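Whenever a hint applies, use it, and build me the whole structure from the sequences.
Sequential numbering from 1 applies to the sequence shown in the UniProt record's numbering.
A portion of the hints provided could be inaccurate.
Claimed, not checked - Label-pair distances were calculated between CB atoms; the ranges are:
hint : residue 1 : residue 2 : range
1    : D175      : N137      : 20 to 26 Å
2    : T139      : P205      : 22 to 28 Å
3    : D158      : Q55       : 52 to 58 Å
4    : P91       : D158      : 54 to 60 Å
5    : T66       : M106      : 39 to 45 Å
6    : D129      : G159      : 15 to 21 Å
7    : G159      : V207      : 17 to 23 Å
8    : Q17       : C96       : 17 to 23 Å
9    : Y165      : T81       : 56 to 62 Å
As the list claims (entries may be wrong) - With a straight-line cut-off of 27 Å between C-alpha atoms, the simulated DSS-like cross-links for lysine-lysine are:
hint : residue 1 : residue 2
10   : K94       : K51
11   : K51       : K90
12   : K214      : K181
Just so you know, the hints here were simulated from the structure itself, not pulled from any lab data.
Just so we're clear, the structure is a prediction, and the values are computed from it rather than from any experiment.
Ideal placement from N, C-alpha and C gives every residue a C-beta, glycine not left out.
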Amino acid sequence: MNITSPKNVVDEDWSPQFAEPIANVTVALGREAVLSCTVRNLGQLKVGWLKAEDQTVLSLDSKVVTHNMRVSVSHEPESDTWRLHIRQVKPSDKGCYMCQINTINMKKQIGCLDVHVPPDILDAGTSSDTEVQEGDNVTLVCSAVGQPVPRIQWRREDGRTFTVYNATQGFATVDTYSGEKLELVKVDYTQMGAYLCIASNDIPPAVSKRIVLKIAFIDVDHHYPPINMAEAMPESNDMIERMKEGDYAKVIEMADDLMGKGETVVLYFRGCVDEKTKKNWCTDCVKVEPVVEDFFKTTKFNKKIHLIEIHLCKDSMKDKNSPWKSNKDIMLKNVPTMILWKGSKDVRDKQMMKKDMLKMMFEDFIEK
Numbered sequence: 001m002n003i004t005s006p007k008n009v010v011d012e013d014w015s016p017q018f019a020e021p022i023a024n025v026t027v028a029l030g031r032e033a034v035l036s037c038t039v040r041n042l043g044q045l046k047v048g049w050l051k052a053e054d055q056t057v058l059s060l061d062s063k064v065v066t067h068n069m070r071v072s073v074s075h076e077p078e079s080d081t082w083r084l085h086i087r088q089v090k091p092s093d094k095g096c097y098m099c100q101i102n103t104i105n106m107k108k109q110i111g112c113l114d115v116h117v118p119p120d121i122l123d124a125g126t127s128s129d130t131e132v133q134e135g136d137n138v139t140l141v142c143s144a145v146g147q148p149v150p151r152i153q154w155r156r157e158d159g160r161t162f163t164v165y166n167a168t169q170g171f172a173t174v175d176t177y178s179g180e181k182l183e184l185v186k187v188d189y190t191q192m193g194a195y196l197c198i199a200s201n202d203i204p205p206a207v208s209k210r211i212v213l214k215i216a217f218i219d220v221d222h223h224y225p226p227i228n229m230a231e232a233m234p235e236s237n238d239m240i241e242r243m244k245e246g247d248y249a250k251v252i253e254m255a256d257d258l259m260g261k262g263e264t265v266v267l268y269f270r271g272c273v274d275e276k277t278k279k280n281w282c283t284d285c286v287k288v289e290p291v292v293e294d295f296f297k298t299t300k301f302n303k304k305i306h307l308i309e310i311h312l313c314k315d316s317m318k319d320k321n322s323p324w325k326s327n328k329d330i331m332l333k334n335v336p337t338m339i340l341w342k343g344s345k346d347v348r349d350k351q352m353m354k355k356d357m358l359k360m361m362f363e364d365f366i367e368k
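Structure, rendered in structure tokens:
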């Protein structure tokens, strides 16, 4: 007698089957990654793990066959799940891994590992401390690696705003700037100082590098010599004003019609002071603070920029041929003075000025 199965009964498949896909895993650098592979009806067959990219065999059943000591497998008795463990993951561990059943017709499935790496700033591709000439353009570069790709942000160490330039938006005054390259155009003394390049990608810790921008100010004696300075050096020459210790406020005036209404003017005064001398400078009774430890600069007011340059005396300035004849003196020279009008081409024709045509107030206090 033949017994036949009802047509509505389906034969059950007892061959090995993957119960579910392998979940992709993302871990931070140095942590442990675990990939899980669940197989039903395995019977006497074996489960193996391979690195999919190069088909490197990592394990077979419960035995690890790779020489990588960070790799292990786990399988609990009566469990259908086989786990691949990778400890202290490295960037090189990133990639896909294959769970394979050794059937005649091989069955496999793949799960992938992503390794998150905190940012790292590359010294080779990042600017170091930089010095440029006043009025030049400069680009500071910050190169960083990490996974995900780090975001780069710039800010000044002192928290002040700064002016940046890009071809799309032109000039902008900002307190932070995003991008690998920080472009500064026609730099002046307000832009010198320490800048911080900060790299972050939400994987702690964020990192930063301090880059100091130094600006070499134009040597007006050298670039714009309106007179023979050797002849201008004697104290009797009315082009030179000398202040001894104990002298106080001096006022020099400039005619408004020479400057031009609403124009920008830069006045350079150069001087040398004793290292023990405490300096307080003011313009229109607004005190000017030192911007770096060895010289002072004024700030902008009334749509005009008045610039004073006062250096601490160095040993090299005490030479007999130096214009700074005593490190206890302050020497003010209103010749040569460089005046810059926006859009003007006849700068050199405007340089010769007398003391009664300049306007600047300054005070000298000696620290007792």
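Quick one: which hint numbers does this structure break? Sort them smallest to largest.
4 and 5
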